[in-house]
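Number of protein chains: 2
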Amino acid sequence: MRGKRLCIVGGVAGGASCAARARRLDEKAEIIIFERGPFVSFANCGLPYYVGDVIRREEHLLVATPEMFRQRFNIEVRLHSEVVGIDRDGRRILVRDHQTGRHYEETYDALVLSPGSSPVRPPIEGLDLPGVFFVRTIPDSRAIRRMIEERNARTAVVVGGGYIGIEMTENLVRRGLQVTVVEMQRQLMPLCDPEMVWPLQEVLVEKGVEVRLGAEVERIEEAGAQEVTVRLRSGEGIRTPLVIVAVGVRPEVQLARDAGLALGQLGGIRVNDRMQTSDPSIWAVGDAVEVFHVITGRQTLLPLAGPANRQGRIAADVICGRDVRFRGVQGTAVVGLFDQVLAMTGPSEKTLKALGLWDEPYGCEKVYLHPGHHASYYPGAETIAMKLIFSRKDGKILGFQAVSKKGAVRRTDVIAMAVQKGGTVFDLEEAELCYAPQFGSAKDPVNLAGMIAANVLRGDVDVVHAEDMERPPEHVLVLDVREPFEFRRGHIPGALHIPLGSLRQRMEELPKDKEIWAYCYVGQRSYVAVRALRQYGYRAKNLSGGYRSYEIWRKAVGKAP
Amino acid sequence: MRGKRLCIVGGVAGGASCAARARRLDEKAEIIIFERGPFVSFANCGLPYYVGDVIRREEHLLVATPEMFRQRFNIEVRLHSEVVGIDRDGRRILVRDHQTGRHYEETYDALVLSPGSSPVRPPIEGLDLPGVFFVRTIPDSRAIRRMIEERNARTAVVVGGGYIGIEMTENLVRRGLQVTVVEMQRQLMPLCDPEMVWPLQEVLVEKGVEVRLGAEVERIEEAGAQEVTVRLRSGEGIRTPLVIVAVGVRPEVQLARDAGLALGQLGGIRVNDRMQTSDPSIWAVGDAVEVFHVITGRQTLLPLAGPANRQGRIAADVICGRDVRFRGVQGTAVVGLFDQVLAMTGPSEKTLKALGLWDEPYGCEKVYLHPGHHASYYPGAETIAMKLIFSRKDGKILGFQAVSKKGAVRRTDVIAMAVQKGGTVFDLEEAELCYAPQFGSAKDPVNLAGMIAANVLRGDVDVVHAEDMERPPEHVLVLDVREPFEFRRGHIPGALHIPLGSLRQRMEELPKDKEIWAYCYVGQRSYVAVRALRQYGYRAKNLSGGYRSYEIWRKAVGKAP
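So the sequences go chain by chain: A and B. Mapping of the first sequence onto the numbering used here: residues 997 to 1557, in sequence order. Mapping of the second sequence onto the numbering used here: residues 997 to 1557, in sequence order.
It should be emphasised that the hints constitute simulated quantities derived from the structure, not laboratory data. Hints are supplied without guarantee of correctness; some may be wrong.
The list treats identical chains as interchangeable, and a pair is accepted whether it falls inside one copy or across any two copies.
[Unchecked claim] In silico DSS-like links for lysine-lysine, alpha-carbon gap of 25 Å or less:
hint, residue 1, residue 2
1, 1024, 1510
2, 1417, 1392
3, 1508, 1024
4, 1392, 1349
5, 1401, 1510
6, 1000, 1402
7, 1417, 1389
8, 1551, 1402
9, 1389, 1508
10, 1508, 1401
11, 1510, 1000
Keep in mind that this is a model prediction, so the values were computed, not measured.
Generate the whole structure from the sequences, applying the supplied hints.
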């Protein structure tokens, strides 16, 4: 008896995972991967690092080869083979062999679409000029490497300050190029909150990168044989031999759309929680599909390799008759920029507000903190800037962002697991995590985040934020409880200064008819101050994250001098 | 109206946390810390690193000073003040001032005992000889440092291969000493599983440390003015100017016992989940108390700073009228040894078996894996040796150990959070964690651990373990599916060799009347082989962790050549 025939469109991440899993579950199935490009299962997340010569050989990017699929899994991989049409009624696909130009048909019992996403092409002229590149495939990266050498490039312009833009910038700097980043929005990493992204921008500036925020490219023009000019709306032109365009990706849905499969509102392929499209014989996984976001409750596009692999596995399970569901995504992600790392799980404040979820239904609150990545008494502790977003209603963790030279990924992963399990800030408070002086603190940053948030929820302290400090209301007195030397170095305009150590003695200097907004450097001493003040009958609130958060916010967002 | 008077015995970790928290909750309380030693709130976990000059100045170990407690918290700290008696009926304590020799009484409304633990003194002669040290306090470390210099010590003997023994060994090696570690048991880190500890032993040997396992010290003898001889039961004597005795700690319960407070079966102070002793006006926290272990369901002693701090906070909450409970401990811990790190959460196999919990009620199973700490295609990936223990009944995660140069702590912390939330291996399978090539893999090691365990639970594969390979039953055929060059380098005696790539073609060589135990290097290829074999009607099982686990087990435990 012949086994079922499983055809898979796209051999990277989701498609490759699906194929291998299907084979492990069904030895008799006929499994064919159709991959339009010259490689199967390559490490597309490694492409920027191949450009930067961190990954030195192209072979290293090849996670698997057609030969390996054949030998290990008895899976046939057809490279240079683009599926250009689906005959759903006949359960047939039309394949174009790019090497021969020939078209042919194949039948399927189950079809899995894993076409991925393609770089967004902004509506500007000049994208096809030599020297202008998108970053999607190994040949793309190879061409960029070659161009750097051929043109002996000393400069580059990176259009777009998201993940790929930042990773490409790092790697071009590593190759010795002077890079200009042009980002349309007023911040890098537009999905994150600006104050959490700020440290990345500082790293870029340190490395000599020019960062142009709020700058739009109007067109790209030829400028001699070896260069182009990136013309901004401001009129300014930046002449360079190399332009990388990385302004986002969009799901590849042409094939699905042509076949009449349902698409979602965001333009991705619509699937159910078994990764099944509107045609029950066709599954879709990876960057091309819209998925359920477990925190926002909305459909989302999340073009990341982890979920793609998971979806591929689930599609295989379902095709092989198992009752398995995709639980949705929570948006865990990380980007490194030299020694600085920004990691996150769950939506940002910006996203929650854009979706109209911040106030209702979630009743969001946020806290900032700046703990060391390990015990301060052990040399080498690096500060982690952390932002925890949670519900005032039940303490549920909604989002977390952390940026640091060390330790940000670990705390994000722990909180990602807490989010997955529906955890609250109270869970973080009582987490039992690894501690030895070189690895953490007796109160780990995760515990501290939980404690600070739980203090708010229990009503022990109310918090205000850096943005509230821009123009405090009339009835507010701003109180700085740091030491004199700290106050002298800089403070919030108009703040009254009483160090914590003399607060109890000098409390009568404070007016009872005003609300007191206290701050110290990171928010810990001022929390103690607020607790004391409240017990003596003052209305007092704490500036979350302290002067440090205030400073970052001012630089990242504010307009203050 | 006078606030309540809170007396705290012991000013490190639990005691200090309790005091500060109490102040934040109750501005009017009178809070006094009685600390027998010369310092309050010092970093005892840092002591080995102070000996090793990693932490260069004694001041760095002082997390807080009496002055800071007074100024910030209005808390009185009395140093050199030992509480030597409790009059429970009169709610009074008797204090001995070690500086004046004077005794005096203080009353309390609430009393918190945070006396910590003291090093176990093994029943041998010579512990009081000059040059023989325990490691508990800053003065201890200072004395060790001084002794190294005074005696110009070139060698040392560390008695005990647990946390402190290992950390002290690292730091003495760092100071240039030739160290011999003498451990009574047949492994270092006796609470962990021997195969997971093995890499630490390899590091010690690499660093020129002599490791004597199963070796017992009979006595320590004088050997001239500047040295002692550590005499082993074997008769051998090791002459050295410096001996560190670190054979464990025991709870300090003298004061509690004298006061008639209930002790537990393990010798710690008995407390309820509000950290209350058998006297409702007396609380106890930290190393001195017995606590509930959330996995074993038994009482345990866990002398670690994290739980101590949490307990101190909870005692303060309860004393201040809040309804807060200690959730118990799960035994998360970490030890570093140069660049090698061993981290764990939940009990080891050894502990579960010793407590009689392995088979029933938990129905434990375990899996081993050896993933890279980040994507293999990005340079610098380090292997993490991982062991996941879970229940066959419901997939609940019971214990996890990981050892690696990088990435072990992060995965342990993630799994610690999963354990805290009652998570299963299925949760690990679908965890959404940070991935970029330098930080992880699209399938993170945590995902892989979950997948491998879930495969077992779903009946997709059965596993056997290295110890089963020592002497496989008659009806078993051992099958090596690696490449020829791997097989030639070493294999399990008697194994049949068919590389995975030709398994499907050569399957008829395999007997159907035997059970096939397949292995590859880490267990992944042989998993694919087992899946294929089973579908062709063979009874097949997979060696969990593969040849790599087999090799480690043989070195760590086995008696094979």
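Hint check results:
1. 1024 x 1510: Result: close only across copies, 23 Å inter versus 77 Å intra.
2. 1417 x 1392: Result: close both inside a copy and across copies, 10 Å intra and 13 Å inter.
3. 1508 x 1024: Between. Shortest inter-copy distance 19 Å satisfies the 25 Å Cα cut-off; intra-copy 80 Å does not.
4. 1392 x 1349: within (17 Å within a copy, 37 Å between copies)
5. 1401 x 1510: neither (40 Å within a copy, 55 Å between copies)
6. 1000 x 1402: Classified as neither; 49 Å inside a copy, 43 Å across copies.
7. 1417 x 1389: The answer is both: 18 Å in one copy and 20 Å across copies each meet 25 Å.
8. 1551 x 1402: Classified as within: same-chain Cα gap 22 Å, cross-chain 35 Å, threshold 25 Å.
9. 1389 x 1508: neither (30 Å within a copy, 61 Å between copies)
10. 1508 x 1401: So residue 1508 and residue 1401 fail the 25 Å test inside a copy (43 Å) and across (56 Å) alike.
11. 1510 x 1000: neither (75 Å within a copy, 30 Å between copies)
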